[in-house]
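Two chains, two frames, a set of hints: combine them into the complex.
Protein chains in written order, with the numbering used here: chain A, 263 to 901; chain B, 7 to 1052.
If you are wondering where the hints come from, they were derived from the structure by calculation, not from laboratory data. Computed from a predicted structure; not experimentally measured. All residues carry an ideal CB built from backbone N, CA and C; glycine is no exception. Don't take each hint at face value.
[To be verified] So the derived list for chain A, only partly shown, Cβ under 10 Å to chain B, looks like this: (1) I279; (2) G291; (3) D337; (4) M423; (5) S429.
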Amino acid sequence: MITVLATLFAVTGCERILDEVPRDRFEPGFFKTEEGIIGGLTGLYANLRRIYGQPYYYNATETGTDEYTYGAQADGNFRMADLSGLGIPDAQNSRWDVLWNAAYSAINSASGIITNGTEAEMPADLIAEARFFRAFDYFLLVQTFGGVPLDLGGGVLEFNMAPTLKSVRNTVPEVYTLAVFPDLLQAIADLPENPRLIGGVTKNVARLTLAKAYLTYGWWLENPNSIPTYPEASRTDPDGRDAQWYFQQAYDVATTAIDNPGPYALQPTFYDVNFAENDRNNEIMLWADHTENSAYYSESNVTGWDGGDAQNQAVWMVTSYFHTLKASNSPSSWTAVDAMFRTVQAGQSYSRMWARMAPPIGVFTHTFADKANDSRFDGTFTSVYRGTWHYNPSRTETELYGANLLPIGENEPVLTFLPSDPGSIDYSNSTYNSGTQAGYLPGRADYVVPLDKISREIYPGLWKLGTYRKSSDYNDDKIASSRPYNILKFSELYFVAAEAVVKGAAPQAGKTARDLINVIRERAGKWRFSVAGNTEKIEDNSAAMIAATPAAIDINYILDERSREFFGEGYRWHDLARTQKWEEYGGSYLISEKAGNIPVTVNRQLDKYLYLRPIPQGQLDRMDGEGDFKKAYQNPGYN
Amino acid sequence: MIIYKTRIAAVGGKLVGFCLLLLLIFHSPLAVGQTGVRISGTVSGDDGVPLSGVSIRTSDGSASTSTDNDGQFMIQAPANSALVISYLGYTTQEITVGGSDQQLTVTLQTEASTLDEVVVVGYGTQRKEAVTGSVASISGDVMREVPSANITQALQGRLPGVQMTQTSTRPGAGMQIRIRGTRSLTASNDPLLVLDGIPFAGSINDIDPNSIKSIDILKDASATAIYGSRGANGVILVTTHRGQKGQEARISYNAFDGVKNAFSKFPMMNGPQFARLRAEALRTAEELGRGATYPNSSDESDDVNTDWQDLLYQTGRTMSHDLNVSKGSEKGNYSIGMGYFNDKGVMPTNAYSRISLRAAVDQEAGKYFRFGLTSNSSYGFTEGNQVGVGDALGSSPLASPYDTDGNLKRATFASQDVYKVWTKETIRDVRDLWLSETKTLGSYNNIYGEVKVPGVEGLQYRLNLGLNVRQTAGGSFTGIGVTNPTDPNAPSGASINHSLTTNWAIENLLTYDRTFAGKHSVNVVALYSAQENRYNSSAISAIDIPADHFQYYNLGFAEGEVTINPADQGYSKSGLVSWMGRVMYAYDDRYMLSATLRSDASSVLAPGHKWHTYPAISAGWNIANESFMANNAWLNQLKLRVGYGETSNQAVGPYATLGRLNTRPYNFGDVGEDSYAIGYYISELPNQNLGWEYTETWNFGLDFGLLGNRLTGTIEYYKQHTKDILLRVDLPSTTGVGSYVSNIGETENKGLEFSLNGVLVESDEPGGFTWEAGINLYANRNKLLALTSGQERNEGNWWFVGHPINVIFDYEKDGLWQEGDPYLDILEPGGNVGMIKVKYTGEFNADGTPVREIGADDRQILKFDPNFEGGFNTRFGYKGFDLGLVATFKNGGRLISALYGGTSYLNLLSGRHNNVNVDYWTPENRNGSYPRPGGITAGDNPKYANTLGYFDASYLKVRTITLGYNFDGRQWMDRIGVNQLRLYVTAQNPFVLFSPYHKESGMDPETNSYGDQNQAVTGQIQSRLPIVASNAPSTRSYLIGVNLTF
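If we strip away everything but chain B, and leave its shape as in the complex, we get (with noise of 0.2 Å):
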């Protein structure tokens, strides 16, 4: 002990010596000069093999020891002491010994049961049997069953009630995460993310998925009431591996590399198929007398037929690498290790790439204190996402590349609209010359302190610290005619921007954890803590760069304009203070209650109103562990749990209680700088009144095993209230303002969750088959109840009373218009047959008539959430193989598809350029089901073709199937010291089922853009909704991954 606290003086300074003194004052001299026992024997696994480096210590920490090869150990301890012996992956046993020498022989239990896995539940962990709100867990080994850039991909359809959804398929994107649906309108829906117990500040792609130990996800508001307001949309807790105490040193190496592919090429038409296209709606001009129509431009001829996205998408890679090393011993433990992660798409030069490091270390100092650390550290690199498929997919299948000497062309015309002409070896080729790269590197640390309260047996004062920061480097260049399709010499253009991230939380916790008379258990936190967010970011960009080896990097050099635009420069600050107490306390383990309170207050809302404190309770009653359910031999895990509670949002941005001035540049005249000036105007007024918007919510919840737990599962129902939503207020014109930000509207989820686990084929010996599945169920109702006082329907932001929050808001689609169908001539004055016939849902005259045309007041308000989604794993063993499959799920709601609809202009149906191959109306082919080519439009588009693009959204997908070998307990890993060795194939994205979109296109359904990305024109789909539109494409891919452990 004493040789100890030297150590550490001579390490530390005065703040050291300083917990020197307390640890001299408070350091009981109880350890010291009882009588030891000999204690030797072996400990083996529940298969009865030897397990070597068992941790073998005595309760109050005076010896240790680990088993060595063989299983055996040998300790000097107290007599009548106890031992505790614990190892990686087996329940930790407690011995006590007597008062002699004495020979032990230990069988420790592998953890399977689900009954004594602990969970983290924030500021704690429980042991999942005590907890009483809602949590799902995932350990970090099932999780990287799927491989992949980051924890989001890897989540999907693997927890009930935790909606993970693609808005990109560029490599490295994350994914937009909904715990239990969508509770505001404008303000953030995203959930709160923990990483070791502080608030991450960063991205989720900062975070490396091997570094994960296990991810809870609180659900409901008397599980995440302790992170009050910032946990209003969940709280997804993220534990990164920690060296076990008492572990001998592990090294252990995870690496997977493979090849991918485009899952399937956006269904454009063939070079036949357009010229038939064509041909059709010059025959509908010619039969109908409207109606531009589309010869061939001088590139192309009715003979040619090329496959412009075949040039573009090359094969490839995903490559992943990780180190770790960790050790413990009685009193620290650490774990180091490092990452590198390499995705390159099917896009050329578009690629993510991360390098991560991290750190963990825990150490005890006497008696009473006890230190840590952790650190992750991430460095990011993403390029060529200004690699678009535009060009591939609006290009004319019969214009060739080539010209007549067999050179590329610059650009090819499709009739009057002209596309660069781009192939994969091209886009390599001016790699240096366009570009579009950033960096990001973040640096996430924790370090706590804790000290047990001496003389309280079980009080513990703990100190959290978190410093994090992350900064992003943009840059873009685009060189000299390098994209213009027409003009060589068009002007270069540059552009970067920066960005910085500073966020510190501290937190003050007393936590008192203690069991009373064997049954009373209770566990008390109290919590000051504050945070704040620093964050500050610009932007500028240049046209005319003299020389292309410039690049981004000096834009100084600019000949032309430029712009440092005041919109893209940004600052906030924001801050949050909070004091917390809760209470757990469970009798016998029958009845749990936990109680929480929580004061926030918040530096982005109004004076005044900056403050909010919010209860929640629930409770739990383990029906299981009663007497009269002693007999029951199959049932052996019921629980009952309820609780409510109540959480805040404030997620508004800084500042939106001060109302602001926008800029509105002009020029007076055209003689350079002189002329030029910048004009201010009132773009949102101040709200002197704006607070908090919170949630209520109810949450059941029943957790059963059956079967000796061979059978677990869970079912959940929950209600959320959320009132008080910050809404962007849109002002009538008559005030001359256009918004304010203010606390309006109502809206409702309640929900429904199932998830299930199974060990269905069970063997008795090592080798022997096995057979495990889970499956996960879940279904969200969401609902607006109210919007600015009264007002029922906001037809510009598609918000409606009574329905959910996202919706489609548009004419319904009922097939076309056939010959001899009545009243064409009424409903669509100039429409034509073979057109899209859409509801109408006005009046009829007497004689049956209807009294008007269709317009706008036939939109209807279209369902978009699915009805069920979810997701189901299942994996086979044999003699060391190892087969698994991921698979997830949605059922029902409706897919936006851009490329179908009219916002992505890739189906006019006129021939103008490339079309999506339909099958189309034609005077043979009535029963086509896209309206006529060349009939009429509405703009450029077929009239309703916004209609064309919905589709239900349901599929099944099979995210990866793999099969491993593990090669286990062979002479040869003995000898070079393997501790672990597996092998590994995997699929990913294999094949899709039960989509009705994928059946009509080919195409992945899953979405891969916001409504307002990746089409021709924006503004007709919220942007807030996720869609299929003209992004990368999705990719298939094989990978051979190894997992060794030394």
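So here's chain A without its partners, still in its complex pose (with noise of 0.2 Å):
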């Protein structure tokens, strides 16, 4: 028996035991199929979440500039950033490694969706979905980095299957002329008017992109302050045009789908397009997606505060500690109790805090001078924090009592930002102690801080990106945003079409520069509803917006109308370094050491080696070469 079994085991097992056959996940060649192709666009999708909302992402685009420096939590991430002398984002910590690690893996599957479904003979306008992708991850990785490779390993944008560890920058002028335009005036030729699917993009999504690269190209070919480039190329175009060239189609394709918008429009009033219940209105062209109806699709958790790399957290790093404000529970002595309540459940004005990232006073001084005409004041920021406590069932005050024991009721101001110091606060926290820098006025129940007198600690919040939360469900408010992350909006349009005239393109009628910056301003002139206020306010200040316009539009108006629109969106640093205005923009601010005190200056020491962000160690480290190889690998001023 035993030598027949044993004869029988020995026979046939062999060769079959050593086989294998994977039944619990895809190989690469999934790809090949139809079903690979869709679900590789999908992850295109997907890898924005990567990008967009990332907190340190985040960080890299804004801290340093005119809008974000470092807050009172901030760690070294933060503080570097700032190049205000507490060190210099480098290859180790610059955190603009969240870009170059997440955009390759894009580049490549859609390359890879490129080749196989060309193969395929897979739709055109799907196809086109790709082609986007590679040119918009092409787009923010040239202007970051300068000159990035366009072979992966396997030939100059083609698919790579291949575990090399060699790479080889391409130029700047390289990475525009052979993949960002082709690609994405293919797209624009094959993608269709309206998306396939909710947020997917179209011709008008590719055409907003196309013109700021043509813009940010003509910049680049003309350097009027002589930025470096690397790797070294010289600042004529391939194809022999000029930054003129580039400007006037900058100018062509933004009024083209100004022209043709699609299913794209401004939305009525400013407030209307940042406000949380009106997300993906049709005012945004591409955002990186969430939902709080699904984890799992959202790859966020939104039931706890732990979901991984994909979630969007970016307003926790500008948002200061609100949440330690008290007020007291006796009318007659000061008995100090919480006043607010960390609960999603509060809004859109109470984000979780991190308070990592802090406005410089500039931004209210300067930027956002007009509070009064101008609704983007009121619908960027969270100026006035009111009394949440209530949010929390085992709280049965329905009433408080803050600054002066004066009362306070649910939802009542506790802490208001005022716009200018009226002088006389008291900041000793000595008889109604606040439990933050804020001090308080007579006769006000509510603390107070001057906008001009802010601190690194407090601060008003970022309340476009708020957090905000449709169902009842939860009320932690350590889960991250379940909001989508706006990306590209048809009003940059209007704007990018502005600035190609302001660079000598010549203008269509009724479409010069200023017209082009009124349609923003009339729109910013309208309210519906005052964040600060809580209340409706129906009012329309937009002849004294657009009387305000200068009659000539410069690069420096352009810059801060672009602030006063896209605030605190990621955009900043991009459009400072595209139009070299870094230094004067962001070259000192001024911010007060405690709230109260007279501002001091920051200076940044901001080198023009710093226009070119360092290529990250982990891709320095994981090359093969020797030292010199990657010594020459990296932009020039990193060691």
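In structure tokens form, the structure reads like this:
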């Protein structure tokens, strides 16, 4: 029996035992099927989440500009990004690594879809989506790092399946003219007018991206401030065109999109653009989506605080510790209790606090100097914090007592940021201790901080990105934002076209730089709701807004207006880098050491080499090659 | 004979019939028709006491009997034949009888001498004297001196070179096992476990320690080579009890029961200490003008002092019962047992229980055949692992758990952080609403058949067949609002998971074992084996279960999202085919040689790279048996061993050669199901060249026995060199793909092992005072020799060429900054006096000022591995009493405590929530060793906070002290048939000595988590490193136990 059994096993077992058939996973070969290609495209959209809303990427795009400096709770990531003497974001610690590490995976997937999809004769509009994303990622890379590799290991713009440890960087003009422009032109030709899916890319999404790319490349060719590029390349276009040609193209492509808006339009008010309940409105052309209804498809924990690298946590970084605000629960003597309750149910003004980034004072005295006519200060910031203690089911008080032991009802102001310092604010926190740096004024129940004396610890929050949850099934504020993170807006077409005109593009009738900017400013004058007042406010200050527009629009005015429109959305560093105005705009800033103190000027050292961000250390470490090769791969100025 | 055969025929079917045929063909008629003689006599032990139940049989198996209660026997045997006299625990004797009737007086020697110990070496046994490889052995009885849930706990510190590291303090948790260090970087470093000869497919917890007769650990390549690739990390051979040949029925019952409490509480601040911390942090903020401050919340008041841990911990209980019946006849034997183990932890509802059943049968059939079966099955149940200490540690001691009406609050706020109020009672109250359970069912079955090849003396064929199955079913449920601190209506959630592992192994073994001319003993084994492992698992989770009574039993009713994440579903099938040959030769018990050659083919490697062949050879010289040593009275044993061998590791997951697409789910808008889509991207590239990782090992050993073998010991030195390490290589981002698995890198392990056992006081008379002691000591030096081509450092993984695989990569703390220390402003811009000072490694300008501030370049490679480790045990005996002690120790290396470091958020020193009670710097207390509260931070923690979590890992820990009493030879015992009765009391983990960490914290210095577990934030400490974090507290227990034999 034994012998028979043994022989049986010996003969039959061997080869089949050593074969492998995976049944719980896809191997890369699946990418060649139709389902694989559709799934690959979905993967490209999902990849947006790894960049947009990622808090350290957000930090990289904002900290160190005129929009943000580091906040009281900042760690090295934020302090260094400020470039104000607390270190320099270098190969090891620059957080532009988030972009570098996310982009190539998407580029390779896109190349796979283009190659395999073309072979499999898939519809051109699907393949065009992949072309869009490949160009979009290359455009981000080239703006940030200079020239980047077009060959990932499988050939120039080819799908890579080889585990190579080598990489060679192309030059900036190569990246634009071989990758960004041809892909986007093809994408504009093949993409549909209307999106295939909610949030899908269209002709106009590609047009906006191409217009920005033309504009940016035009600036690069012109190079007014002699900013170095890398790898070395002459500022002549391989296709023989000059900067002017590209500015004109930028204008033409942008105005084509304005004239043929497809499904897109401007929202009636600025408030509507960023109002959470109006998310995915028709002004938004591209976003990294999230939903509170599915932790799995949102790739983000919807009932807990920890959920991986695809979460939208940007707004946490710019939210100060307003939750520590205290009031008294006795009208006669100061008995401190929490005036705030940390809950996502409290709404868009009350995001989770991290205080990693703070706006400098100039944001409120210069950029948003007009807070009365222009609705955008109110539609950007939370400048009044209201009592939210009552969201805590165990709290039964209907009224608390704030400064001067004056009553504060539910949803009534506890902390207000004043447009300017009226003087005589008492910051002693002795009698009525707010638990923050805020002070108080006679006759007011709420604590106050003047906007021209904010500190790194106490400053207005960013209402426009604030977290919001429709349902009332969860009340902790530690979950990441389940709102989509907006990437491209219809309004930007006006800015791109206007900037192109400022740079010399010939405008069409009725679409001069001033005309275009006024479309935006006119809309900015329209009010529907006051965030600070937490009340409806129907007002139309369009005429005043237009009247205030200067006759001649220059690049600085465009930059100011862009900041008013897109403040804190992650545009700023690329805007300043494109226009080579970083030092002019971000070279110094004002902030108070403690709320109410005389502001101090902080200087930044913004050397020209910093216009190219460092190649991350991880890339250098993982590459094969000698020290000299790696040194040559890195941008100049970084060791 | 004929009768016997007929009986089997009646039982079996066609197959048995076939066996019968073989039997008839090969059956030799030699045994029939000889003249018999009558032999009678008495058998007694070496203490003179007659032994009952001693087996006496003729060497040809033609007759057998056993002694009666007075030790007397009578047997009819062929003339001039040999009688084999055997008894468990005594050395077997063989006596040749003459041609006429005779009377014998036999004295059996206790099997104490290590000389005659038999060691299981894999595919056979060897007398210890003849072993040439490195094998460490321990008997089940000795191992059970440490009462425990599983063998890892029992073996800790017992054997040199075998490192057992605790990685969880939860009931029933197993330990990490490392034999002679760590070799692989990402492939498995776990040793192979072999249960009764067949590679074990289950979890260490599935083996009941009571079932174990002995454990033998193969450490060097010459010993493990026969297990080939699977033995690359060492082999643990577990042998379970079987009945002995000719043994009378024996029933044994072993049990213990006891209580356990937290070894120590986590060293958190009490109310006044915490209030002072907050005041200090506030003062710093006022003096230095920065930092967030944390005023008392509405729940807190400086005059409250709540000990949240006291409210939480319960008294646990550990209980074990084990019953075994065994019997042997001349041709067969059996052993059947069952056990029950239950361990209730100090965390409420947290418990582990196990029921195990086992059976072992051996049966000879005729002269040539032998069959047998071993079956071990167990059902385990784990619950309550979701109950953690986090809320108790973070809650403010200034907050009262009760409201003004005296009712328990739902939650309390520590400044702005909210914590659920938990007490042992409230957790028990919601045990039906908040649960996490795992049920496992494992069955491990080995069947063998053996046939002696007739006509060729010593040649034998054996077939082993292993059939194993293991199933796990997990479920968890959190009822509506049960765990939410503020929202009583928070949605409920439930999840289930299942897994099934099936495994078969078949081994064909041909053995030739013979001694020629009295001096040349030869043992040859040839093997062909194949095995296959299949695994699949599934997991589903759902939220918003409409009614609490569903628990996790019907996820179909969920009203919220049901998730079947593809990443949580698993399937794998892998196979291994092997050929092996081994020759062991010994000349005159003086010179021994063992040579092995094995070829393995593994399914998980790339085609064309599946097969690998490797040799091993070892030799031994029994110097003490040489004639020139004959006159040496004090040296009884001296053996020199040397071995060289190669082993392989293929321990990568199946399909690693194929590459992989990962999923990226996405929502296009927010309109429900229609929004959802699953995206893909390439996460791993295929590698068509993936092959074996292999290790070359040298081993040198010296075994000695002195003073009549009262002192025995072993010294070993080894060196292992591992090449072509299976490593997931991170690719540059620019390739567009994250990683691939490749054969890259080299490591080395060198080590010294030493063990010494002695009878320090021996008594000539029964019941006299005896004292035995043993110690073992080992040191391993691990080194990474190479990483990916030319790479010297992999900072992301803390791997550095020239350093051990396990190191810490961080700043090196050098005290605190004090007033007047130079260059604070340059080295630490924004820093403050009283902050942590770390070592600066940069340059200095000509004027002596540092050129830059402290930064990432100043991080150091810090030692993690200990200098040496070991254990000792001692035992005193007097008049039936025995007092034993088992201890383990460790010297040097670093202990990482997440509690004191930054990752647990329990040493923020800001007063945000409760803090570990530390001696912090204040202007009045400049000698404090922790930074100034409220000073400079990085994120939420004090800057360089992780450096506060590094301690000297040294300790000496007494694991058990046992006092027992043996009731021996009492009349009442005879009357009720009790053979042996021992009662004992044991204290487990009674105390810890020489531990800097224990001194600082009062805690158990043994690790309780991996580097990515039981902390507020992960990713800062490498997950492979065992650390101390916020797991269930270590326990100290007191047990009472009984060993009873009928």
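The hints, checked one at a time:
Annotation: interface hint on I279 of chain A holds; nearest CB of chain B at approximately 3 Å, less than 10 Å. Given hint, G291 of chain A at the interface with chain B, holds; its Cβ is 9 Å from that chain's nearest Cβ, closer than 10 Å. About 4 Å separates the beta-carbon of D337 of chain A from the nearest beta-carbon of chain B, less than 10 Å, and the hint is met. The criterion of a C-beta within 10 Å of any C-beta in chain B is met by M423 of chain A, whose closest approach is roughly 6 Å, and the hint holds.
About 4 Å separates the beta-carbon of S429 of chain A from the nearest beta-carbon of chain B, less than 10 Å, and the hint is met.
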